[in-house]
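Colleague: Sequence:
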Amino acid sequence: MAAFTAPKGVPEYYPPDSSAFLAVREALAAPARRAGYGYIELPVFEETGLFVRGVGESTDVVRKEMYTFEDRGGRSLTLRPEGTAGVVRATIEHGLDRGQLPVKLWYAGPFFRAERPQHGRYRQLQQVGVEAIGLDDPALDAEVVALADEGYRSLGLSSYRLLLTSLGDAQCRPAYRELLVEFLRRLDLDEDTRARAQVNPLRVLDDKRPELQAQLGAAPLVVDHLCPSCKEHYDDVRRHLSALGVQWEEAPRLVRGLDYYTRTTFEFVHDGLGAQSGIGGGGRYDGLMGLLGGQPLSGIGFGLGTDRTLLACQAEELTVGDSARCDVYLVPLGATAKDRLVALSGELRRAGVRVDVAYGERAMKGAMKGADRSGATYAIVLGDRDLDAGEAQLKDLRSHEQTAVPLDDLLSTLKGKLL
RNA sequence: GUGGGUGUAGCUCAGCUGGUAGAGCACCGGGUUGUGAUCCCGGUUGUCGCGGGUUCGAGCCCCGUCACUCACCCCA
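In terms of our numbering, the first sequence opens at residue 24 and continues consecutively.
Worth flagging that the hints you see were computed from the coordinates, not collected in a lab. You may find that some hints are simply not true.
Beta-carbon label-pair distances, calculated as ranges [as the list claims (entries may be wrong)]:
| hint | residue 1 | residue 2 | range |
| --- | --- | --- | --- |
| 1 | 247 | 342 | 39 to 47 Å |
| 2 | 243 | 314 | 21 to 29 Å |
| 3 | 341 | 98 | 39 to 47 Å |
| 4 | 193 | 258 | 14 to 22 Å |
Glycine is no exception: its CB is placed at the ideal position from the N, C-alpha and C atoms.
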C-alpha cells in the first residue's frame, strides 16, 4: 500500500508557513491595486495554439515545457505556462480594450512548466502579474517596473537588483538581428549553441558559460542599434524611473525567454537564491495584441514569482506574515463555562476579533499550552469558581498578568483592547 | 532533458571495518486537586524512500527505481 504523494516538483504551503506565502502574494499585488489595476481571474488551461502563437514557437517554454493534453472532445489544451497570453486573449475576447486606455489588470495564481525541478524551480509555480494594455507611454513602463520594485521593497527585501534594457521594436530589431547572426556565424560554437543561434540568436547572449562569454565580448548589443523612437522611449523610461526613486542596472545582454517582448525589458534577480535567481521579470509586448487577433495595441506587464520571492525572504531571514492564528484563546473548565465561551466566541468573531477555543476535554495545563501555541495575545479562563463570582479570568499571555473581568463586560473589554 | 550529491521518528540529524536503531525538538502525561512560554520527571513515535541482489546476518555493500537537492539548461 504505497502512500500517495504530491506530483513531482509541486511546492505545497501549509501552516504555519503558509501564512508567509499569503503575505508575499498580498504584498506583491498590493502596489498594483493601489495604482488602479483591476483583478482578472482566468482559466488555468487554454487552447494550445494561444501559447504557441503568443509565447512563440521557437521558445523553450513552448517546445519542451508545456503540459499539453487532449480533452474528451479532441481539443488540444495546455496548462498555462505564463499569464500574458491569457490576459491578452481575454482582453480581446471581452472587448476590454474598447473603452478608455490603458486597460490595467492584475492576476495571481498557478502556472505550469514541465521542467526538471530544482530549489526555486517548480512545475507548478505561483505568480503575481500585471498587464497594462493600449498605451506605449514610457511613463507607464516606469510605473509597471516601479510596482514590482515596491512589492519587493514592502516585504523588506534588499539583496535584489533590477536589470533593465531595451530590445528595440519591429523597426530596429530585424536589422540588429542580422548583425548578431553574422557575428555569431564567425564564432566557434558547439552544436547546441549553433542551433540556438539559428532559432533565437539573442538567447546566445546571456549564456552563462565563461568560455562563451569571452567570445561574446565584441558582440553587437541591441541598445547600440535602437532606432530613434526606441532610443527616445528608453531614455524617457529611465528618466521616469529615476523620478520614481527606482534603482536599476543597465543589462544590455538581458534576454527574455518569451518571443513577444519588445522595447523595455527587465528582470529582478536576487543574490541569495543560487541558480534560480530570477524573482520576477517582464517588459513591453507591442506586437502581441495584433498577433493574437486584436487591435494593434501595445502592452507592458510583469510576472513576479511568488514562490521565489518567499524563498528570497527566507534567504534574507525576513519574517513575513502573521503566524498568530488568533488574538484570544478561550479556556472553558466544565460544561457551563463551555456554553458561555462558545457563545462568546461567536460574538467576538462577529466583532472582528480572531478567536479560538480549547475544544475537547483538555486539562488546564494542556489548554494553556494550546493558548500559547495559538499565538493569541489573551486567554480567557472560565470555571465554576468564576461563574459563581460572575466573572472570568483575563490573562495577558505576554505580560503574564491576570485580571478578573465581570462576565457582562468581557466582550466590550476585549474589543477595547484589540480593536 | 544532461551530470553530481542526499534519502534514518512529525522536524533537524547521529549511527564505527556490515551484527536486526538513537539524540534534540515536537507531541502526550505528571511535578502544580484551575494557568502557557522557562525548569524537572516520565511516555508515545520508525515497513532506516521503494524494489531487487550479495551475505549466516544489510540503515551500512551492489543494481534498479522514486523523491529531494546542486550545477548545466530554462525561467518566476
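Colleague: Run every hint past the structure and note whether it holds.
Modeller: Outcome of the hint check:
1. Distance hint check for residue 247 and residue 342: the Cβ-Cβ separation is about 45 Å, which falls inside the suggested range of 39 to 47 Å.
2. A beta carbon spacing of about 26 Å between residue 243 and residue 314 agrees with the range 21 to 29 Å that was offered as a hint.
3. Roughly 44 Å separates the CB atoms of residue 341 and residue 98, a value that falls within the hinted 39 to 47 Å.
4. One distance hint, 14 to 22 Å for the beta-carbon pair residue 193 and residue 258, holds here, with the actual separation near 20 Å.
Going down the numbered hints, you'll see the structure goes against none, and every one checks out.
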